[in-house]
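Peer 1: Take the sequence shown: its position 216, counted from the start at 1, is 234 in the working numbering, and no numbers get skipped.
In case anyone wonders, no lab produced these hints; they're calculated from the structure.
Computed from a prediction, not measured in an experiment: that's the story for all the values here.
Fair warning: there could be bad hints in the mix.
Claimed, not checked - With a straight-line cut-off of 20 Å between C-alpha atoms, the simulated SDA-like cross-links for lysine to any residue are:
hint, residue 1, residue 2
1, LYS80, ASP167
2, LYS191, LYS80
3, LYS70, GLU60
4, LYS191, GLY55
5, LYS212, PRO223
6, LYS80, TYR165
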Amino acid sequence: MKTRTQQIEELQKEWTQPRWEGITRPYSAEDVVKLRGSVNPECTLAQLGAAKMWRLLHGESKKGYINSLGALTGGQALQQAKAGIEAVYLSGWQVAADANLAASMYPDQSLYPANSVPAVVERINNTFRRADQIQWSAGIEPGDPRYVDYFLPIVADAEAGFGGVLNAFELMKAMIEAGAAAVHFEDQLASVKKCGHMGGKVLVPTQEAIQKLVAARLAADVTGVPTLLVARTDADAADLITSDCDPYDSEFITGERTSEGFFRTHAALSKRSAVAWRMRHMLTWSGVKPPRRIWNWRVALHKLSTRNIRQTAGL
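Using the sequences plus the hints, can you model the full thing?
Peer 2: Set out below in structure tokens:
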């Protein structure tokens, strides 16, 4: 068992690796180790999935991009693996509609129990494990033309975190423990979250969105997994925000307020460029409709810095 000092030194060394170039952490290795406890169980499937997802994003994908489909059951994910799909996307709307722990059908408004998506991640990974055990028992190993790499990395939807920063931290831990390779959080107000194509979306201030992303990265560091964190924004379509407290949001606030107390804003992609710049996450996701606007989003990001911000718009 490693001592506290050994863990801290190991983590400090890890953060100097190219994998973490440009990633901002407003906490120390000591802070992370304090939260681990004397025994920190390994999350093997999440480790493997995150490493595989990273390699796919950096040159190992078959087509130069990652081709994926949604799956809400282990059986669906299994068929995708057999068909040569390289990753599984587990969407919150699918879980809301037909795979949540409330055993109900909901619209895409974060109404289902918060542990529903981690439960489906675990179910899919259990299916992958069973399929892999079957082919292994038959003597089929990597290199055999019959071999199927069933352990596809899973990109899981954390919605808006189902609450505040502590909720985001706990949800991220649950995702990782279930075996997720990547997790995305959006910047809507969790209590009134709406599907991306619906009107009436309410954003939280930029600093609050960043705090949730920090909490999620902290959870990944505590578990010791290099999970890919996807920062999603609905700023292109939303025209409401909860507060005018953040200077990054001030130029987009009109001065009008609704009867509920929300502030009206000008919808704009550049409104959330600050999130990617201030945090430098692995990926960003903007729910834009015309493809040409994805390029505009990328340009807005790069105007904020001459440095190479690793990002992808529209995962």
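Peer 1: Decide, hint by hint, whether the structure agrees.
Peer 2: Structure-based check of each hint:
Distance check on the hinted pair: LYS80 and ASP167 sit about 14 Å apart at the alpha-carbon level, within 20 Å; holds. A distance of roughly 30 Å separates the Cα atoms of LYS191 and LYS80; the hinted pair therefore is violated under the 20 Å criterion. Using a Cα cut-off of 20 Å, the hinted pair LYS70 and GLU60 holds, with the two alpha carbons roughly 17 Å apart. Restraint check for LYS191 and GLY55: satisfied, since their Cα atoms lie roughly 14 Å apart, inside the 20 Å limit.
A hinted pair counts as satisfied when its Cα atoms are at most 20 Å apart, and LYS212 with PRO223 qualifies at roughly 17 Å. For a cut-off of 20 Å, the pair hint linking LYS80 to TYR165 stands: about 17 Å separates their Cα positions.
The structure is inconsistent with hint 2 alone, although it conforms to all the rest.
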